[in-house]
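Can you make the complete structure from the sequences, with help from the hints?
Residue numbers (the working numbering), protein chains in the order written: chain Y, -8 to 476; chain P, 23 to 312.
Watch out, some of these pointers could steer you wrong.
[As the list claims (entries may be wrong)] Below, a sample of chain Y positions facing chain P; criterion: calculated Cβ distance under 8 angstroms:
1) 304
2) 387
3) 395
4) 419
5) 436
[Claimed, not checked] Cross-link-like lysine to any residue pairs, in silico, SDA-like; alpha carbons within 20 angstroms at most:
6) 187/Y / 122/Y
7) 318/Y / 251/P
8) -4/Y / 469/Y
9) 145/P / 432/Y
10) 305/Y / 240/P
11) 305/Y / 103/P
12) 339/Y / 251/P
13) 26/Y / 8/Y
14) 68/P / 79/P
15) 308/P / 240/P
16) 165/Y / 109/P
17) 300/Y / 109/P
18) 305/Y / 106/P
19) 118/P / 205/Y
20) 30/P / 40/P
21) 173/Y / 205/Y
22) 300/Y / 44/Y
No lab work stands behind these hints, which were simulated from the structure alone. Glycine is no exception: its CB is placed at the ideal position from the N, C-alpha and C atoms.
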Amino acid sequence: MIILKQWRLWVSLLLLIVSYIFIKPNFESQTSDSKINFGLDIQGGFSYLLELNEEEYLNNLLVKTSQYIENTYSISSDIDNGEIVISKNQNLDALTNIVIQNLGLEINEKSDKENSYIFSKQSFNKSLSDMTLNAVEIVRSRVDFLGNKELSIQKVGLNKILLEIPGDLDNNVKEVISKTAKLTLHLEKNNIVGSKTFINEETGEQVRVQEIPNITGDFIQDASLQYNQNEPVVAFSFNKEGSDLFAKMTSENVGSRFAIVLDGSLITAPVIRESITGGSGQISGGFTNETANNLAIILKSGSLPTQIKIIQEKQIGPTLGQEGVEKGVIASIIALIAITLFMIIYYKISGFFTVITIISCLSLLFAMMSLLNTTLTLPGVIGIVLTIGMCVDANVLIFERIRENFKHNIEDPKNHGFNSAYVTILDSNLTTLFAAIFLFAFGFGPIRGFSISLIIGIISSLIVTYIILKLFINITSIKYLGLQR
Amino acid sequence: MINFYSFKNKSYLVSLTLIILTIIIIFFKGLNLGIDFKGGLNFEVKSNLTTNQLNEYFNFIESDREVLIKREVGSDVFSIRIESGDNNPVFIEEIKNIIDQNPDIEILLSEYIEPTFSEELIKNSIYALASSLLVIAVYVWIRFDWQFAASGIFALLHDVFVAIGFMSLFNIEFNLTMIAALLLIAGYSINDTIVLFDRLRSLTSNEENKDNFETNVNNSIKLNLRRTILTSFTTILALLCLVFLAPVNLTEMPIVFIFGVLIGTFSSLFLVLGIVGDLNYEAVLKARDS
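Here's what the structure looks like:
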């Protein structure tokens, strides 16, 4: 049996088994990390692209760094237009190059001021990126608390977060993700210097308090929706450090008011009646169940490092996605049938081999997509259709070469034809492959979905043509290939 | 036998005309930029109302935001594009709430993009396009001679550019999906071109008949003609299925691609090898001999 000596036979069988193993989880109900996910454009759902404010973060970082230099090295500095300017006439010995470097600073070459520093691009980007990762976790926990389980959330670029929620949307999501949730407690202060007036936008109540907060929401450990005389309120508790601060503040200021401020606007300004040592408190003031619950969620997930802006929002209804899939699948099947019929009529037996090659190519493609846990989108489906096209093209190139060799009586027309055609196929497919890889690296959204299936598709097509198609060509006598004319 | 090489001057003329036409069309008609590149709101709705009725209905939107309503070809689906303005996140919710109360209109898709982000997307797409074109050029240059790289890249840019003209002419929306379509065309074009290059290279390195460049060019095309036609045919066959069956908001992509396949077939049959010849590739071959 000559066929058993073909190494390609064994590799083909191996490919088949491996593909089967990897595709199988897609048809099982339990969740698995190696499954093809469907993009929102297919299954319907919501996506939000959130952007953290880079400028605000830069300012925060400048203030923090300047304070750190002051506290650690007793060197005072000013912040001016994105740079830290170290004041003259001080002993700067402590500020060695290594210290500066560790702070991520570098001398601002463009500044006309002396001792002016900016963050090096590299260190700022790193810091920005870390901040975003942190914000990803905060946003995740906020949406989790609302009870959305299948969400996908990832960092995009340096300061963006892509949040995707399949299925129906809880209307509170938008509200909950876009709040910075900076909660601060300020004691009343009637002096103009160092004070600030906060206003409650709904009731118009205002109070003048000291500008620097006495306690911040960073100390909050837990928060929940509770009821006080049937009114929904937000109950919160501080951690140990926060409890101590809160106890100190309340015991020293019995009789005066303090303001609870959320994202710059006053929520309520109660009078301190007695010292509060338990480390817990309540915020009341015209909440509904929903708003109180939302506030509790954002308080316990922590505040976001900067303001967040929804720069892209997409809601795809289930009908559009379903219709898309149904039509897309029907279109692909009809296209596949049309192509295979054409190939069989035109190339006879060889055309039949093309059909087998296409089917193997598709199963290898889906196996790799499952293994890599790829998200399949509609542009991705178009990428797959293109892959089938390239696979057919490879077959045509090979058959035409063999036919030509046969006509010119070239020795060993099958091998010679296959090999010379395969060089051409490699050249043309590799160019497309490299282009697709760069497209994937730089692209966004639909471009990525398209390029990932193209990348995987080209690789599968190259493999199956080299192994499975060649196997069939090898084991079939040229007389039966249907190529001589 | 057809002497493809002798057509090259006429082909240049055709190609030049196409390029000039494209420039004129784009200059006068502009590109129909989608919200991906312009920012703003977009709704896809299903409705049994007419375009006029919908236009009237959406009159409630203040005049400072431009509203564009277009029926998707052969369906009861409309695309409604609303210009970006202040506080889009709140605005989109208001519009959604208003539409939800109308039983005649069903929202299939709603989205908005901030103009700041769409600027980033433009930049991003240009990087993606430019870098992949550069990679193609470098690869062809490494594998072949520079004349091939130059000619291949010219054909590819030519095909993509004329396809953009086609989109402008038929007012097809230019969005991120279309960038993918343009890259498909680029990929198809270079694919076709490389197959011919490979043939020409192997023919010119053949001792017996390497001297007659014109015959070699014609042979390269002739020997690949059947493949070129078969591949274009099967690709168009597959794409036609997509045109008639793709979801309404995706039908335009295969149409643009079909045009790209046609223009790509033209450029690979009539343009690329002519350009290689005119870049004095013969001299390179002769120099290699001596």
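Status of the hints after comparison with the structure:
1. 304: holds, 5 angstroms
2. 387: At 5 angstroms from the nearest chain P Cβ, residue 387/Y passes the 8 angstroms test, so the hint holds.
3. 395: For residue 395/Y, the interface hint holds, since the closest Cβ of chain P sits about 6 angstroms away, which is under 8 angstroms.
4. 419: Where the cut-off is 8 angstroms and the nearest Cβ of chain P is about 4 angstroms from residue 419/Y, the hint holds.
5. 436: holds, 6 angstroms
6. 187/Y / 122/Y: violated, 29 angstroms
7. 318/Y / 251/P: Measuring from Cα to Cα gives roughly 28 angstroms; hence the hint is violated.
8. -4/Y / 469/Y: Roughly 19 angstroms between the alpha carbons, so the hint for residue -4/Y and residue 469/Y holds.
9. 145/P / 432/Y: Holds: residue 145/P and residue 432/Y sit about 14 angstroms apart, inside 20 angstroms.
10. 305/Y / 240/P: With Cα atoms ~52 angstroms apart, residue 305/Y and residue 240/P exceed 20 angstroms; violated.
11. 305/Y / 103/P: holds, 14 angstroms
12. 339/Y / 251/P: Given that 20 angstroms is the threshold and the Cα spacing comes to 18 angstroms, the pair holds.
13. 26/Y / 8/Y: Holds, at about 17 angstroms.
14. 68/P / 79/P: Within the cut-off at roughly 14 angstroms; holds.
15. 308/P / 240/P: Distance ~19 angstroms between residue 308/P and residue 240/P Cα, so the pair holds.
16. 165/Y / 109/P: holds, 13 angstroms
17. 300/Y / 109/P: holds, 10 angstroms
18. 305/Y / 106/P: holds, 15 angstroms
19. 118/P / 205/Y: The hint is violated at about 42 angstroms.
20. 30/P / 40/P: holds, 15 angstroms
21. 173/Y / 205/Y: holds, 13 angstroms
22. 300/Y / 44/Y: It holds: about 8 angstroms lies between the C-alpha atoms, which stays within 20 angstroms.
When each numbered hint is compared with the structure, violations occur for hints 6, 7, 10 and 19.
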